[in-house]
Amino acid sequence: MAKQYKLVRCTVNGKAREVMVDVRASLTDLLRNDFRLTSVKKGCEVGECGACNVIIDGECFNSCIYLAVWADGKDILTLEGLEGPNGELSDIQQAFIDEAAVQCGFCTPGVIMSAMEILNEGRELSDEEIRIRMSGHLCRCTGYENIFRAVKKTMMKRLEAKKGQ
Amino acid sequence: MYTGQRVKRVDARDKVTGRTRYTDDLCDRGAYIARVLHSTIANGRVIAIDTSEAEKVPGVVRVLTCFDLTEKHRFPTAGHPWSTDPAHQDVADRLILTDRVRFWGDDIAAVVAEDEVAAAQALRLIKVEYEEYPFVLDVQQAMEEGAPQLHEEYPNNILKHTQIRNGDYQKAIQEPGLTKVEGWYETPVVQHCHIENFICYAEAEGERIKVVSSTQIPHIVRRVVGQALGIDWGRVRVIKPYVGGGFGNKQDILYEPLCAWLSLRVGGHLVKLDVPREETFVSNRTRHSIRSHIVSWVRPDGTYAARKLEAFSDQGAYASHGHSICAKGAGAFPQLYPCENVEVDAYTVFTNKSVAGAMRGYGIPQAMWAVECHTEDVCAAIGADPLAFRRKNLMPVGYVDGFSKNEMYYDTFNQCLDKAMKAIDYDRKLKEYQNQTGDIRRGIGMAVFWYNTAVWPIALETSSCRMVLNQDGSFQVQVAETEIGQGADTAFAQMAADVVGVPLDKVHVVSCQDTDVTPFGTSAYASRQTYIAGFSIRQTGLMLKQRILEYAHTLTRMPVFNLDIAEGNIVRTTDGRVLMSLSELATEALYSLTDSRHITAEGTYQIKSNAYSLGCTLAEVEVDIPMCRAKLLNIVNCHDAGTLINPALAEAQVHGGMSMGIGFGLMERLIFDEKTGRPLNNNLLDYKLPTILDHPRLVAEFVENPEPTSAFGTKSLGEPPTCSPAPAIRNAIFHATGVALRETPANPYNLYRAFTAAGLIHDERQVAQDV
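In order, the protein sequences belong to chains A and B.
Each residue of the first sequence is one higher than the last, beginning at 1 in my numbering.
Each residue of the second sequence is one higher than the last, beginning at 166 in my numbering.
For reference, chain B alone in the conformation it holds in the complex (with noise of 0.2 angstroms):
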């Protein structure tokens, strides 16, 4: 058995040893260079660009700009599954390049010049006129009436507003001695600050177009570049190489169809669009700001009575991956500390800011931050013992949700919980650090998550593999779930290897994607590769399995019932002996003058089930208040993420989503110039991402609680980790200085403003205590 084993990284060598090939070291040397002009105002027109001087530029082979966008064909960016309904269709609302400019950083022009000096000269003498006008970068601000209006087809730039209404709130809140508590939570935009930008090359091939990209989502990419061209589909050709992390920004279309548009402009020559570090923060996608409103109403017995949550979720200037964010986070709610009466209202809202799209977690990050910041407030509130209060009304076992059907099988958040609390030394430290003063003091703290795990029954859940035979007995896997640096490559040999009965090393998994060869099937988003590849390998190798047997078969004269393959042998059941080896087989069937045949197997299976993917955070803390500083000491996530496939790269799958959600408990955030709605920190200098030095040791534990609907018993590990890290952070800087901080990051900027309202600290100067 493979599966469950800390085995190597199918890819890990090559990586180490720089031979990994990405986008930019397949681009042919000879490519033109192709620049992106973006506008520099937050909301207008353009009423004229002048090219003249970029175009007198040594080397500058073609400037184009929105007006030369004869064909209009409103594309869709979402990297979501194509709808043959057209209700459910993502909203078409980008054009390749625009005239109407609705953020700092749209659009409007691009140059192709035959290096990268050539362009960047050109992108400078380009000249913009604009008709500017008023704009609005605040959620709330932009549902105003009279507010400044992005899209004509969305009054107060609502793109979406859902409701949830179960049972009955008006009434419940009349019940009795109930507490009131409410509060206001917020979060920043933040990016995805993959290390490999996004970078995409097109030529011409024939009639066709081909693109490679560093993307999450090839098959989609095909689709929308043929949208977004007025081609066939089929026309298209993508290709994906190995990819420099991606973290749903790469699940979203970003420069493909420009890229393709630019080279059938310049007689399809081979064009590169390489996103620089800088515009990769602003014109790509970053994380949703939510803003949520949310009161509850508790029983003295510690109970809740009724409950609601306003989300304001900041859309930026497109649709992109649009409500669907804002929709998960609101979705969860109910759930995860059930309760009869809820109400839930979920606005998604345009503003003159970047374009807010995937970002590992898809709104639960957000929704946890809210959800759990306020679970702690409940309990200082009422003076109930945060643990006591989440064991007695999180989801229990049993819990079923009609939509998805998923179901809590198991007592996963107190067995998360206690696992956790044992690897942090939770209830020495809480006693310890109860009643300190001083300006340096110590916190612990704790947050939950809700998951899933693909998107079942919200939209299509295919998977499509193909296994095909080579001659020594080893065999090739395609499948459409794609590899972006998370180890999903590894974990599909692991279970091939087992469902075939093979040493592991007879399984290639094919990496780089092919739209024209690779199966059907829409990639890595959700956190659904592991649990969603898993079905059709299974079947797929069973298919292949059966095949061989077949043909083993014929071979040795043995029926196929007597037959198995094991260790890469034909295997007689009844005693064990081995027949022949695969290799044998293999090469027999290929070459053989009486029966040849191309052994092969392919197939779909399309998923109707779902699963929980649910866990904690545990986090310590050391605060300098006159500094406002907090420091994370230690930090624990645990999860159940049902059986694990590889627990190594298990392990660092949590690692990473831990860092990214530290990232977002205390340092990161995008900033717009509330004067211009310029990006002020759009680099990796002044944006704030963990370093080494901003972790202590991440550890890593679980629950390996099989998943009854899974065809290995694993579900949804990607995204999970970064739900809980920032608001168990922020509950421990809470539970350090009585300080309940409304926004994240609890950075210097937000502690000391946070502080100061708090009397902690005192600043002569009058500052706005606006927290």
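Excised from the complex, chain A in its bound form (with noise of 0.2 angstroms):
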């Protein structure tokens, strides 16, 4: 079978970007291939483990189940999108170093991804929200404890912080 191809324009971390794509690949590898943003990670390919979720037009999804050529148009936010331009960190990236929820830092990048769809939207959800909303990540490293410390009190200061505007 002869390989098709489709361009696809879509914004990546900010920066508009056009790029020819095998109608086959997914977006992990579009983002991981062709853009280099090997935040973006292969835990199993078919979304079970949730380690290459990203972004989508303020939605989380698993970067592997999802097609590249359906990214055009799309604004693509991965975990290299977070930090700074002088790397800054955001303070969920903070967060999850000052709570010691990194360990093998595999599950990491998606983790934060869908953290960041959660406080984005500004309210408080309840420790059982939380790990409903987080639940879509499997990680054998830290038992979700601290992960769970991170996403609370990051969720808790941005709270704080509106109170205080």
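Treat the hints as calculated values from the structure; they're not laboratory data.
All C-beta atoms, glycine included, are put in the ideal place defined by N, C-alpha and C.
Worth double-checking, as some hints may not be accurate.
DSSO-like cross-link-like pairs, simulated, lysine-lysine; straight-line CA separation at most 27 angstroms [said to hold, decoys possible]:
| no. | chain 1 | residue 1 | chain 2 | residue 2 |
| --- | --- | --- | --- | --- |
| 1 | B | 570 | B | 773 |
| 2 | A | 152 | B | 173 |
| 3 | B | 587 | B | 557 |
| 4 | B | 853 | A | 152 |
| 5 | B | 557 | B | 473 |
| 6 | A | 157 | B | 336 |
| 7 | B | 221 | A | 3 |
| 8 | B | 596 | B | 584 |
| 9 | B | 584 | B | 594 |
| 10 | B | 570 | B | 557 |
| 11 | B | 796 | A | 152 |
| 12 | A | 74 | A | 153 |
| 13 | A | 153 | A | 163 |
| 14 | A | 153 | B | 594 |
| 15 | B | 584 | B | 557 |
| 16 | B | 557 | B | 596 |
| 17 | B | 594 | B | 557 |
| 18 | B | 587 | B | 336 |
| 19 | B | 237 | B | 173 |
| 20 | B | 473 | B | 325 |
| 21 | B | 292 | A | 3 |
Stretches of chain A that chain B covers, calculated by requiring three or more beta carbons in the stretch to come under 8 angstroms of a beta carbon on chain B [as the list claims (entries may be wrong)]:
| no. | region |
| --- | --- |
| 22 | 54-68 |
| 23 | 145-151 |
Join the two chains, each given in its own frame, into one complex according to the hints.
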């Protein structure tokens, strides 16, 4: 079968991109191979583990089961896009460091992207809601305990800051 | 002092920004892609392989089968130190590809292609003709006469049988007034499920082969790739980048020899072998399923007169870590509850299942499941309080194991139990949950565990360290102990900073290891690294410091014995004056026109000690009897891992270990089809790995009794947290329902069978009451 390609225009971490993609490629492939955004991890490639999660138009997706061609016209955010221009860490990245929520680090990028989706809603979630929203991720190192703490603390901090305004 | 502080991980920033490079992130995009063809029968022989269609797929470079393996070098895969004594060497029973297949998923051929799609397409087009043999999946059936034989050299499929005979069991059981308590306890096959699957890539470098691998054990991989290819070990170079979890699976040689061989068969071209998740479950390693039979003879005063353990460990199809796993649990049995008359028979037996290897806890989670379930059964049989019984019978202060010389220096068990009980509010809940009726019941249970640190005196314990001073007074630290996610590099940096006397940011631990450069050592297993590397870091740090101070003497005229290094400065101890900064000294040392020196230190420390690392779990559950569901409400682990180098990372280690223990206790099980031997749930959807929703808050407590034999007062913590959650959960379910599970996990499948057998639920259909 001859390979088929399609032009995809999208925004990745704030930058406009144009790329020809193999129609069979996943968004994980596109981000990792074409843009070398290697924070997007492959843990199962069938949407079970969450290591490849990225934010597409504000919503978190498993990029491994999202076709690259669907990215046309979309605004995509990966973990690399959270850092400021001078290497400033976002609050959630700092919280993952402070709460020792990182171990082997392989699930971390995807987990942080799901956390971002929650935090960007700007509302207070109950503990149970946080757990439900984070349940699409598998982590074998942390028992999720410190991940939970990092997400909750960052949420509370943002809500405090909002109140202060 | 940095040791003992909750300093941030040295690699955390890179890991939260996506900058950390794991194996796949480093591999050049021009690599050929390799995929492995696995057998689709559980036992038999490959008669013929037709690769003609596969070879026609555009992009396919080579298809290589077991019949292309002309030079057959059998190799062992266990990540053990090599023994120069042939009697102590691991069993060499693997080939790079095999025509004699022994489990569903054995490696019979491989495709090398230009891309993943071509490789996958070609794989499906390979036609294999087999001669099928009968197979056996059950460990005790495999031992029976007439059972299918896996390896000619091992009659009745018994890889090894070891015995312990202490005192006189037969005589002891004659004592009048004894109560006999007997039970069978079984654990399932489970898998490590590190989120980064095993991956490696290989290419030729001159006459050598370079392998980059997601491994825990680079120096051992070097040796085994050499053995498997039949080449000198120095011709192999192994590089270990950051690793996305290992848990023992990557303490085995997995596909490094195959990948190296494939590269050499395509002219040394770069070849990448990235194992899909489904194959990771089946064709890497698993945890041994162990069936245990315990008989205890208990005196009216609640002490043991005699005890017996028979353990049957399911090795799967190849030896890998073999009998070491079952032997470790067998060795713990007479120690945890000391008793004068003990008989132990431990068997490790081949079956036609996936190969079992090392997995976090190395046989102790299985052993503690049996022993601590049994302890609860004993208490129930004699009407003893489980806490009082344990306090009375557990290894006492002053206990010394003659073999390992391990000594119980402190009242660790009581201290840990007290702390965990307080944290979970044990006494109140125990009372509250007495005499419950109804469908929903709560219970609270406990389990203790025995563990040790490192492998001395069974095998070599050695650690080498190198420190190299830079112009700015910072220095690199290299050890062979590997960072695989646990935080080892951070602990090493803390130790090195304290010993040499510099700020933490002046220590650069080299995380990526390269066998051409990294000092020799045997790396990440046996929860050994903080203990073992501690010795060589202290020794080498003192050596480096001495050399720095000797150079300081030439620059300051002051005697070495009046000099010290503190916070990165050369200090005169007599008056505390800072004479110069280490950075000034280091710059002078490298660029001096009169006396230039490259200040380095390197050394090996051979460790000849070991240490107990003990603790407990307390768990509280809510059981929905009609739904056959057990929910974990609260769980506390308490550990005595000696002095903690980094309490924050120690807690994180315990959380992760507890999580794996919870999966073992409630959810996980790899199922094999009895009709075909094929694994049925080898993916992360059907294999139930705990998610954040499956855990309550995980509470990690510590008792910090400094370990006297240790360079930093510390001892093992990596594996211990996994050892006791499952039996604690089971004992909590027992407390809630009166039903004593014989088999983990306590998932609806097993609870249904147990509750039906106990008459708690009634199913109109006749169900097999075989629990």
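**Request:** Check each numbered hint from earlier against the structure, then list the numbers of those it violates in ascending order.
**Result:** 6, 12, 14, 18, 19, 22
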